[in-house]
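Chains as they are written, first to last, in our numbering: chain V, 1 to 114; chain S, 115 to 228.
These are calculated hints, taken from the structure and not from any lab test. A few of these clues could be false.
[To be verified] Non-contacting residues of chain V with respect to chain S, defined by C-beta distances greater than 12 Å in every case (computed): (1) 15; (2) 17; (3) 19; (4) 80.
[Said to hold, decoys possible] Residues from chain S that face chain V, not an exhaustive set, calculated with beta carbons under 8 Å: (5) 146; (6) 148; (7) 157; (8) 158; (9) 160; (10) 163; (11) 165; (12) 204; (13) 208; (14) 215; (15) 216; (16) 218; (17) 219.
Where is the CB? At the ideal position from N, CA and C, for every residue including glycine.
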Amino acid sequence: ETGVTQSPTHLIKTRGQQVTLRCSSQSGHNTVSWYQQALGQGPQFIFQYYREEENGRGNFPPRFSGLQFPNYSSELNVNALELDDSALYLCASSLAQANTGELFFGEGSRLTVL
Amino acid sequence: AQSVTQLDSQVPVFEEAPVELRCNYSSSVSVYLFWYVQYPNQGLQLLLKYLSGSTLVESINGFEAEFNKSQTSFHLRKPSVHISDTAEYFCAVIRSGGYQKVTFGTGTKLQVIP
Chain V
1 ETGVTQSPTH LIKTRGQQVT LRCSSQSGHN TVSWYQQALG QGPQFIFQYY REEENGRGNF
61 PPRFSGLQFP NYSSELNVNA LELDDSALYL CASSLAQANT GELFFGEGSR LTVL
Chain S
115 AQSVTQLDSQ VPVFEEAPVE LRCNYSSSVS VYLFWYVQYP NQGLQLLLKY LSGSTLVESI
175 NGFEAEFNKS QTSFHLRKPS VHISDTAEYF CAVIRSGGYQ KVTFGTGTKL QVIP
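Full structure from sequences and hints, please.
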């Protein structure tokens with residue numbers, strides 16, 4: 001069974017740039033959620049994708065966008081980066097039909113915005 | 115909406131001593147509750163979960179948590195901690211039957227002292 005993998009693991013950008021983070025979900029999972037974890041904070045829900053459509057969104061501006069592909073992998077895109085976007089971005093996969101709320105996390109992509 | 119409060123940001127404890135990490139939640143609907151653990155530079159891993167049934171749930175590595183509906187709490191306990199338990203612990207809640215937006219607390223850093 002393949003776990004959740006994310007890339008890149010670390011990256012540095014400057015204000016105003018754009019970034020794309022990638023996630024491969026765990027084998028057999030059809031739902032992907034993205035979370036932002038700022039330093040010293042708990043993960044904050046960005047959005048969730050199910051069947052290639054956004055299935056719920058947290059309190060994040062439209063410059064945070066995403067995609068889910070037919071193989072259930074996903075991308076998180078952030079435009080016009082701001083200093084406060086510096087955080088660990090976590091991808092989590094799950095099986096919608098299980099309806100248990102259990103999430104399987106990748107190790108995250110650490111973004112630093114200078 | 116659901117919310118989670120973890121009152122203790124850091125808990126130092128000597129090895130082989132007992133520990134309790136506190137978690138309180140708020141919700142107007144029924145919920146599922148979770149504890150996740152995050153080791154340094156890693157993603158989150160599920161430690162244990164409460165969905166329904168017995169209010170006392172256990173993990174494979176000796177942790178347990180008790181769902182207390184009247185006190186809206188889900189405290190995590192271990193009778194004897196080990197150095198390897200040093201990590202950050204996050205309490206989380208999801209509305210049962212809803213879409214999978216998991217709300218996390220701000221985390222408690224458990225520091226086991228040799």
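To see whether the hints hold, each was checked on the structure:
1. Separation of residue 15 of chain V from chain S is adequate, the least Cβ-Cβ distance of about 25 Å exceeding the 12 Å criterion.
2. Here residue 17 of chain V stays apart from chain S, with its beta-carbon at least about 24 Å from theirs, past the 12 Å limit.
3. Taking the minimum C-beta to C-beta distance to chain S, about 19 Å, the non-interface status of residue 19 of chain V holds against the 12 Å cut.
4. For residue 80 of chain V, the non-interface assignment is confirmed: its Cβ lies about 25 Å from the closest Cβ of chain S, beyond the 12 Å cut-off.
5. With 8 Å as the threshold, the beta carbon of residue 146 of chain S comes within range of chain V, its nearest partner Cβ sitting at about 5 Å, so the hint holds.
6. Restraint check, residue 148 of chain S versus chain V: the minimum CB separation of about 7 Å is within 8 Å; hint holds.
7. Checking residue 157 of chain S against chain V by beta carbon gives a least distance of about 4 Å; that is within 8 Å, so the hint holds.
8. Checking residue 158 of chain S against chain V: minimum C-beta separation of about 5 Å stays under 8 Å; hint holds.
9. The beta carbon of residue 160 of chain S is positioned within 8 Å of a beta carbon in chain V (closest approach about 6 Å), and the interface hint is therefore held.
10. At its closest, the beta carbon of residue 163 of chain S sits 6 Å from a beta carbon of chain V; the interface hint therefore holds under the 8 Å criterion.
11. At a threshold of 8 Å, the smallest CB-CB gap from residue 165 of chain S to chain V is about 6 Å, leaving the interface hint in force.
12. At a threshold of 8 Å, the smallest CB-CB gap from residue 204 of chain S to chain V is about 5 Å, leaving the interface hint in force.
13. Interface restraint check for residue 208 of chain S: the shortest CB-CB distance to chain V comes to about 4 Å, inside 8 Å, so the restraint holds.
14. The interface hint given for residue 215 of chain S is met, as the beta carbon of that residue sits about 5 Å from the closest beta carbon of chain V, less than 8 Å.
15. The beta carbon of residue 216 of chain S is positioned within 8 Å of a beta carbon in chain V (closest approach about 6 Å), and the interface hint is therefore held.
16. Annotation: residue 218 of chain S was flagged as interfacial toward chain V, and the flag holds, the nearest CB pair being 4 Å apart, inside 8 Å.
17. Here the hint on residue 219 of chain S is kept, as its CB sits about 5 Å from the closest CB of chain V, short of 8 Å.
When the structure is compared with the earlier hints, no violation turns up for any of them.
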